[in-house]
Amino acid sequence: MIVMRSSERTATTVSPATSEAERRARRDGLAVALATSSYGISFGALAVASGLSVPQTCLLSLLMFTGGSQFAFVGVIASGGVSAAGSAIASATLLGVRNTVYGMRMAPIVGPGRWRRLAAAQVTIDESAAVALAQSAPTARRVGFWVTGLGVFAGWNLMTLCGALAGDVLGDPRQYGLDAAAAAAFLALLWPRLRGREPLAVGAGAAVVAAAVTPVLTPGLPILLAGAVAVIVGLLWPPQQPGRETAVAT
Amino acid sequence: MSLTVAVLIAGVAALALKLIGYLLPERWLRAPRALRIADLLTVALLAALVVVQTVGDGQALAVDARLPALGVAALLLWRRAPFLVVVIAAAAVAALLRGLGWAA
Numbered sequence: 567m568i569v570m571r572s573s574e575r576t577a578t579t580v581s582p583a584t585s586e587a588e589r590r591a592r593r594d595g596l597a598v599a600l601a602t603s604s605y606g607i608s609f610g611a612l613a614v615a616s617g618l619s620v621p622q623t624c625l626l627s628l629l630m631f632t633g634g635s636q637f638a639f640v641g642v643i644a645s646g647g648v649s650a651a652g653s654a655i656a657s658a659t660l661l662g663v664r665n666t667v668y669g670m671r672m673a674p675i676v677g678p679g680r681w682r683r684l685a686a687a688q689v690t691i692d693e694s695a696a697v698a699l700a701q702s703a704p705t706a707r708r709v710g711f712w713v714t715g716l717g718v719f720a721g722w723n724l725m726t727l728c729g730a731l732a733g734d735v736l737g738d739p740r741q742y743g744l745d746a747a748a749a750a751a752f753l754a755l756l757w758p759r760l761r762g763r764e765p766l767a768v769g770a771g772a773a774v775v776a777a778a779v780t781p782v783l784t785p786g787l788p789i790l791l792a793g794a795v796a797v798i799v800g801l802l803w804p805p806q807q808p809g810r811e812t813a814v815a816t
Numbered sequence: 274m275s276l277t278v279a280v281l282i283a284g285v286a287a288l289a290l291k292l293i294g295y296l297l298p299e300r301w302l303r304a305p306r307a308l309r310i311a312d313l314l315t316v317a318l319l320a321a322l323v324v325v326q327t328v329g330d331g332q333a334l335a336v337d338a339r340l341p342a343l344g345v346a347a348l349l350l351w352r353r354a355p356f357l358v359v360v361i362a363a364a365a366v367a368a369l370l371r372g373l374g375w376a377a
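Listed in order, the protein sequences are those of chains A and B.
Note that the numbering used here has the first sequence beginning at 567, numbered continuously upward.
Note that the numbering used here has the second sequence beginning at 274, numbered continuously upward.
Next comes chain B alone, as it looks inside the complex (with noise of 0.2 Å):
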């Protein structure tokens, strides 16, 4: 599969997720287990995503300067900064980290 044709894909299913929203009955707004089942499966989608991205190397778990980052990315959400804020204080502290030598 061509990485164009898997865009597409992805997108159209998005789009379709979001459509069936609409068409649904109201009524199953009410079916809580439903509902909770999403919430929880957008948390660990994401906590997952966290970890692999952190620590994940292709198949390996390798730790360098992604963890670190992370812990100043954690400390200033816990501080309540802003979204674009924490993104680029964690790429400046890896980045730091790799240009001083400190981490790989």
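The following block holds chain A by itself, in its conformation from the complex (with noise of 0.2 Å):
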């Protein structure tokens, strides 16, 4: 009886425009979540080639819980060690700035309730922020924000234990290329982000002053002196606006 009444009124109440964009909603999500898991692996295994046990990986990818702050730990510390830690800490917390936005962003779609945010906020990443924004109804918003966050988080964080045990058992990780794979995992990051003359100005620059104090700084300091260079160029250089681009030239 009572299945028969929620039945009667989802019926009434969700019109099949809205439920089609659900559905559309959490295919999205799915494929999104099974794309972005299948990628902890790579980061299992380089963490572990990092110096980090298996329990520490797997601590970082459930607490962390965000791609890219997570492989700039690691690379800090491969790179300079336990003692390189405070400029690992900071660059992964830098590179996590980003999910503040995109909380800002979901706050609304997620709606009130101080569990719910928590849970939310813990799955608000680039992919969960993504494929809910790219819907339109709000209630596929919604759907598209909970699938994907759930499902990357259970993905990744399978995925990084596969990858963690398989690093534990591989050796060198040089020998594999372990090393040239993180370089290529913070390319492909930042591949997307390229659009524009702006970012790529500020991309180029990072990357000149990140190669030119590396021999003089401890690991993990260059990383942070290329973050200072863009937070200046967006304090000083007023937003570029289209068309009027000669005119601040001048």
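No lab work stands behind these hints: they were computed from the structure.
A virtual CB, placed ideally from N, CA and C, is assigned to each residue, including glycine.
Treat the hints with care, as some may be off.
Short derived list, chain A residues pointing at chain B, Cβ under 7 Å [to be verified]: (1) L600; (2) S603; (3) A687.
Okay, the calculated beta carbon distance ranges per label pair [what the hints assert, rightly or not]: (4) A597/A to L348/B: 23 to 29 Å; (5) R763/A to L348/B: 35 to 41 Å; (6) A335/B to A583/A: 33 to 39 Å; (7) G617/A to A335/B: 15 to 21 Å.
Got two chains here, each in a separate frame; can you build the complex from them with the hints?
Structure, rendered in structure tokens:
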């Protein structure tokens, strides 16, 4: 009887267009979750190669749960060891600042409730924000956010464990090119952000600064200094508006 | 600081940053300068990490098998290859060059 009533209600309150949009959001979310989770395996292997234990690697994925920051953390540890832990924390944290912006965008989609917001915050990452914002209906946005966020969380942590266990038995990471894989991972994360003249210029400037100061600073600090360049550019230069670039250049 | 403590600190900081987003008033979203700096900061940090991971060797610069591997990764990204393909291809190129003794 109760089941009947709830199905009747669903049938009357949800229009066919809305449920179709929700189905699409769920499909998008699952596809993104599968693709993203699969490279959790490369993170797990890289983290162990950088000197983290298997439990430390899994703890990082569970707690930090934001790919770019995780790769940054183990990358700095790989080049500087435990003595670079401060720089590793700072690099990972600065790279996580964009998740604050995603959180602001997701808050109205997720809705109120302390525990719901805490859970939502943990799964607020590039992928869940992107899938949610790609939907147009409010309910589809919510479905897209949760399916992607929870799907990536489950898959990413499982694949991290698999990669960490595999990396543990592999031996010398350089023999398998895992150091080159780390560089490629950062490039792949950077690539979609290089649209437009300003990100290209800031990226190139940061690359030059990082290379120039690497021989004179302890590992990790060159990355932080390059980040400072971006903050200075953002504060001092006015945002470029289309058609006004020549005027700004003078 | 032990590595486990560092993992805990960095993990809690990452979660705190996400939570702050849910607690800030929505009107902050209309502060274009802050949003722009967040975007540029991400680009700069990732670009610096690419460089350090490719030619960094502790506190020295070194050109080895990682550089051609990154070139292949860039080519694949330009051809819109998926993330995992890019990462595995880069590892394979570096492993191959080292296996053949063509690069350090």
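Quiz item: So which of those numbered hints doesn't the model satisfy?
Solution: 1, 2, 5 and 6
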